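Place chain W on chain R using the hints.
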Amino acid sequence: MQEYYSLFGLPERFAVDVAKLDTAYRQVQAQVHPDKFAHRPETERRIAMQWATLANEAHRVLRNPLPRARYLLERRGVDVEAERNTSMSPAFLMQQIEWRESVDDSREDAEALQRLGKDLERDERVMLDDVRRALDEEPDLQAAAELVRRLMFMEKLRHEIDDALIQLDSH
Amino acid sequence: MVLLQLSEPGESPDPHQHRLAVGIDLGTTNSLVATLRHAVPECLPDVDGRVLLPSVVRYHRDASTAVGVDALAAQVADPRNTVASVKRLMGRGLADADAGMRARYDLVDAGGMVRINTVAGLRTPVEVSSEILQVLRQRAEDTLGGEVEGAVITVPAYFDDAQRQATKDAARLAGLNVLRLLNEPTAAAIAYGLDKSAEGIYAVFDLGGGTFDFSVLQLSRGVFEVKATSGDSALGGDDFDEALSNYLQEKARGADLDCGSARALLVEARRVKEALTSHDSVAAEVPMAADGTRQIMVTAEEFHHLTQPLIERTLQPVKKALRDAGLKPSDIQAVVLVGGATRMPHLRRAVEAFFGRPPFIDIDPDKVVAIGAAIQANVLVGNRQEGEDWLLLDVIPLSLGLETMGGLTEKVIPRNSTIPIAKAQDFTTFKDGQTAMAIHVVQGERELVQDCRSLARFELRGIPPMPAGGARIRVTFQVDADGLLSVSAREQTTGVEASIAVKPSYGLSDEEITQMLQAGYQHASTDMHLRALREQCVDAERLLEATRQALNEDAHLLNAAELAHVEQNMTALQALVQSADTAAIKAGVDALSAATGEFAARRMDQAIRKALTGNRVDNLPI
Chain R
1 MQEYYSLFGL
11 PERFAVDVAK
21 LDTAYRQVQA
31 QVHPDKFAHR
41 PETERRIAMQ
51 WATLANEAHR
61 VLRNPLPRAR
71 YLLERRGVDV
81 EAERNTSMSP
91 AFLMQQIEWR
101 ESVDDSREDA
111 EALQRLGKDL
121 ERDERVMLDD
131 VRRALDEEPD
141 LQAAAELVRR
151 LMFMEKLRHE
161 IDDALIQLDS
171 H
Chain W
1001 MVLLQLSEPG
1011 ESPDPHQHRL
1021 AVGIDLGTTN
1031 SLVATLRHAV
1041 PECLPDVDGR
1051 VLLPSVVRYH
1061 RDASTAVGVD
1071 ALAAQVADPR
1081 NTVASVKRLM
1091 GRGLADADAG
1101 MRARYDLVDA
1111 GGMVRINTVA
1121 GLRTPVEVSS
1131 EILQVLRQRA
1141 EDTLGGEVEG
1151 AVITVPAYFD
1161 DAQRQATKDA
1171 ARLAGLNVLR
1181 LLNEPTAAAI
1191 AYGLDKSAEG
1201 IYAVFDLGGG
1211 TFDFSVLQLS
1221 RGVFEVKATS
1231 GDSALGGDDF
1241 DEALSNYLQE
1251 KARGADLDCG
1261 SARALLVEAR
1271 RVKEALTSHD
1281 SVAAEVPMAA
1291 DGTRQIMVTA
1301 EEFHHLTQPL
1311 IERTLQPVKK
1321 ALRDAGLKPS
1331 DIQAVVLVGG
1341 ATRMPHLRRA
1351 VEAFFGRPPF
1361 IDIDPDKVVA
1371 IGAAIQANVL
1381 VGNRQEGEDW
1391 LLLDVIPLSL
1401 GLETMGGLTE
1411 KVIPRNSTIP
1421 IAKAQDFTTF
1431 KDGQTAMAIH
1441 VVQGERELVQ
1451 DCRSLARFEL
1461 RGIPPMPAGG
1471 ARIRVTFQVD
1481 ADGLLSVSAR
1491 EQTTGVEASI
1501 AVKPSYGLSD
1511 EEITQMLQAG
1521 YQHASTDMHL
1531 RALREQCVDA
1541 ERLLEATRQA
1551 LNEDAHLLNA
1561 AELAHVEQNM
1571 TALQALVQSA
1581 DTAAIKAGVD
1591 ALSAATGEFA
1601 ARRMDQAIRK
1611 ALTGNRVDNL
1621 PI
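These protein sequences, in sequence, are chains R and W.
The end of the first sequence is residue 171 by my numbering, with every number in the run present.
The end of the second sequence is residue 1622 by my numbering, with every number in the run present.
Be aware that one or more of the hints could be misleading.
[Claimed, not checked] Here are a few chain R residues that face chain W, going by a calculated C-beta distance under 8 Å: (1) Gln27; (2) Gln29; (3) Ala30; (4) Ala38; (5) His39; (6) Arg40; (7) Glu42; (8) Thr43; (9) Glu44; (10) Tyr71; (11) Gln114; (12) Gly117; (13) Lys118.
[As the list claims (entries may be wrong)] In silico DMTMM-like cross-links for lysine to aspartate or glutamate, where the CA-CA straight-line distance does not exceed 25 Å: (14) Lys1411/W <-> Asp1142/W; (15) Lys1320/W <-> Glu57/R; (16) Lys1423/W <-> Glu12/R; (17) Lys1610/W <-> Glu12/R; (18) Lys1328/W <-> Glu111/R; (19) Lys1328/W <-> Asp119/R; (20) Lys156/R <-> Asp1451/W; (21) Lys20/R <-> Glu1225/W; (22) Lys1319/W <-> Glu12/R; (23) Lys118/R <-> Glu108/R; (24) Lys1320/W <-> Glu160/R; (25) Lys1319/W <-> Glu74/R; (26) Lys1320/W <-> Glu111/R.
By construction, these hints were calculated from the structure, which means they are not laboratory data.
Note that this is a predicted model, so its numbers are computed, not measured.
Ideal Cβ positions, reconstructed from N, Cα and C, are used throughout, including at glycine.
Chain R extracted, bound-state conformation (with noise of 0.2 Å):
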């Protein structure tokens, strides 16, 4: 299979120019979109959807963060293995347990909902950062795999933090 870095004509970094790489995916999709087979024969179409597929995957894969860091973690041979592998620090699961207290507690408290959102989101940031480092300038994946275990959960924990606030929204 096509290799999403090289694709796009990028350098194989956690750290992507989003702007090179959105570029780059229009480029790609204006060669190989199925509109421009439409009127052309069957085999025609049928490659076209196929690399038009592969550009819309490698592009999502590449925009986002977490998919990106499990990806390249994946090329170098590490399986995050997310569901499966929970064996977290028992610090950070005493900050797991304690983020879902706060969620709970404060169901029916938008500004607090929305402050523990913003709290999770400035976190994130300083851990995405350190994903960069343990993948781009000293690698250590292990390390970079148990910080995308980390942020996987509070990913999960911020949607959730949103339904609970656009449950009260809609009361």
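Below, chain W without anything else, positioned relative to chain R:
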């Protein structure tokens, strides 16, 4: 109306090469056909100069039909056999039909898609829609003086897979070659965006006769990128008519209306609704069962109050799409209004209040979708010209999921993913020697399967017998650029392709479509075999032409042996085209397709490489 000039004088294509392509807006209330003439998009009128074709079909006892204005005029006299708003039934079961549709027609549960019992027999919504499409196709061919080579048909962005498939089936039944199903708000954005060379984030608020769509798009240098879409495929102007009609009936304290006068009241409610757009109060003539009519005054204020809940219902999907796109109302540069129902003043005020700016209304909200579809059809059919290189990136409106243990859904493809998209999922067997497996695909956002739309049940057969848990079946869900799902499966350890039997939950099977096609040919006394032969020959000629063109450009990508192989297959197909043997020509087409597969892949590779090289050169620091 000169919407946009796409080609400079002298740049227009060779008339012999210009292919006829149309855009069709298959609406709940009205349908339109548009095309590009002399590089200007225009909606085609009928012989009486009318552009809108009422989406109404009347069935007669002898199975002949009247479509459009004539049918519309007959709906009070012959309500049961005169089908309006059939779009609300596309890809839907009896249980999905709203109370209004159930009261108006004799709907029959045939398992899967609902049927309408008419004097001419049972009709599927697909057949009714195909009657409308045939009239539009005929109108286009009469006006343009040639056969339409391809059509872009618009669908509500929020249509699910079953509704899209039903629309595509209706087009096929009407003898149309569907180039693409295009989302209605996206079509409107094309018409607007190309007209105004717009840049930035736009929203399209599209309230039609029976469906509501809201889409957020980013327009930048010829790229139309849909960021998020949402809507309600059972909310439209019809519901405002219905609400007003119920209100009038209540006020008149009339006895139960019979079918004919109920329809007459609905027609009157629509008239009053439309009149209230420009008047503060309107006198409604309510038909009474016993004696003539009774006059009831309706004020704009009453009507607005009465329908406020419907207006509020439109704002929920708006909020959802903005959330999905990560945007605030103030981030939207302009809101485009589409659909006849957006003429209602209280709706416009609500949209303006929400976004804090007056909406765009400068292209006729009835025509803008068909015009956008015509522009897209012209490009897709191959009439592309220099400078017309825009790109459209659309999304899937509803998440696709699978049924798992305990009636829960597992999301496979999340909503608002850019299409085409594919996801692979691995399954295993749970019994020794198990050779078959069932997969239930649903569409929707809810956690329980019963709260989502059932799309289809796939049965995988031909799994090689292995111990329990030994087989690893990779099932690939592919959504194409029309937003339509297809499924393929392969056992990973043996590489055996599992065969898939699809049972669409609300669709028609291939056999049913074929039967309807045959019935249609009998009715029109056309020879199906002759038609099939002609279509096959056209196919073959096109493939030969496309291959010649590809060789002209890129023969260097093939070595001598490969080139000889392609040319050999071309010569063979060329000879077969004369043979009048449909099956043999098809075999020849398949052979040449197979022989050129690798060539096509290399050409694509080369195109991408060239495009990206250009990028790097552009970005070199000077």
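Hints and how they fare:
| no. | hint | in the structure |
| --- | --- | --- |
| 1 | Gln27 | holds (4 Å) |
| 2 | Gln29 | holds (6 Å) |
| 3 | Ala30 | holds (5 Å) |
| 4 | Ala38 | holds (4 Å) |
| 5 | His39 | holds (4 Å) |
| 6 | Arg40 | holds (6 Å) |
| 7 | Glu42 | holds (6 Å) |
| 8 | Thr43 | holds (5 Å) |
| 9 | Glu44 | holds (5 Å) |
| 10 | Tyr71 | violated (15 Å) |
| 11 | Gln114 | violated (14 Å) |
| 12 | Gly117 | violated (13 Å) |
| 13 | Lys118 | violated (15 Å) |
| 14 | Lys1411/W <-> Asp1142/W | violated (47 Å) |
| 15 | Lys1320/W <-> Glu57/R | holds (24 Å) |
| 16 | Lys1423/W <-> Glu12/R | holds (23 Å) |
| 17 | Lys1610/W <-> Glu12/R | holds (20 Å) |
| 18 | Lys1328/W <-> Glu111/R | holds (18 Å) |
| 19 | Lys1328/W <-> Asp119/R | holds (21 Å) |
| 20 | Lys156/R <-> Asp1451/W | holds (23 Å) |
| 21 | Lys20/R <-> Glu1225/W | holds (17 Å) |
| 22 | Lys1319/W <-> Glu12/R | violated (37 Å) |
| 23 | Lys118/R <-> Glu108/R | holds (17 Å) |
| 24 | Lys1320/W <-> Glu160/R | holds (15 Å) |
| 25 | Lys1319/W <-> Glu74/R | violated (37 Å) |
| 26 | Lys1320/W <-> Glu111/R | holds (20 Å) |
Taken one by one, the earlier hints fail for this structure at numbers 10, 11, 12, 13, 14, 22, 25, listed in ascending order.
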